[in-house]
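Taken in order, the sequence shown gives residues 163 to 334; the numbers are from our numbering.
For the record, the hints were derived by calculation from the structure and aren't laboratory data. Please read all numbers here as calculations on a predicted model, not as lab measurements. Among the hints, erroneous ones may be present.
Derived PhoX-like pairs (lysine-lysine); straight-line CA-CA distance at most 20 Å [said to hold, decoys possible]:
id, residue 1, residue 2
1, Lys178, Lys268
2, Lys201, Lys178
3, Lys240, Lys180
4, Lys180, Lys169
Ranges of calculated distance between the beta carbons of each label pair, as one might list FRET restraints [as the list claims (entries may be wrong)]:
id, residue 1, residue 2, range
5, Leu225, Thr272, 30 to 38 Å
6, Glu238, Pro212, 19 to 27 Å
7, Thr258, Asn219, 31 to 39 Å
8, Thr166, Thr272, 32 to 40 Å
9, Asp170, Glu237, 35 to 43 Å
For each residue, glycine too, the CB sits at the ideal point set by N, CA and C.
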Amino acid sequence: MSETLLKDWAQRQPLKGKIVLVNVHLTRITLALITTLLKSGAQVEVTVSPELVIHQNALQPLLAAQIPFYSAIPEEKKQGYYHIVYDCCAGMNDITPIHGMAKLTKTNPTLYQHMTFPVITVDSSKTKEIETGLGTGDSFVRVIHHLAQQSLAAWVLNWKNLLDTRITHSPV
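With the hints as extra help, turn the sequences into a complete structure.
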């Protein structure tokens, strides 16, 4: 998360009093999302549906911070309890939030046609195109870190060689 956004949300608290459910891969990058939501005033609860991954180095700090974590959402919280739901892989399609849902993966849009609340999907955004090409937030950070460790000259040379090859072999 942008430091500017974090400071702004911490000051304005746009989600104060809102209950937010997060269902995404639980990684250290997810903790940054959760931190931003908490600083925005939201009460955050977390689940990880079966098709998603849990990294222990992310689960332990979550539990230590006493953020509610569910292996399954309790029945009494499925209808009208959460204000906003962040969902990955359509794992929370049986939840009816008060305000709406943000879908964070490429899922068949017909799954959302019956929903009676707003569903925002980021699948067609430029950010999603970058993530799809370079991997999830966590792997994107690892790639950038790895590339930064290489000699800049060698990295530029590799790209120059690639471009030269494409120019030389391109059809006229």
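Consistency of the hints with the structure:
no., hint, result
1, Lys178 to Lys268, "30 Å, violated"
2, Lys201 to Lys178, "9 Å, holds"
3, Lys240 to Lys180, "15 Å, holds"
4, Lys180 to Lys169, "19 Å, holds"
5, Leu225 to Thr272: 30 to 38 Å, "36 Å, holds"
6, Glu238 to Pro212: 19 to 27 Å, "21 Å, holds"
7, Thr258 to Asn219: 31 to 39 Å, "33 Å, holds"
8, Thr166 to Thr272: 32 to 40 Å, "37 Å, holds"
9, Asp170 to Glu237: 35 to 43 Å, "36 Å, holds"
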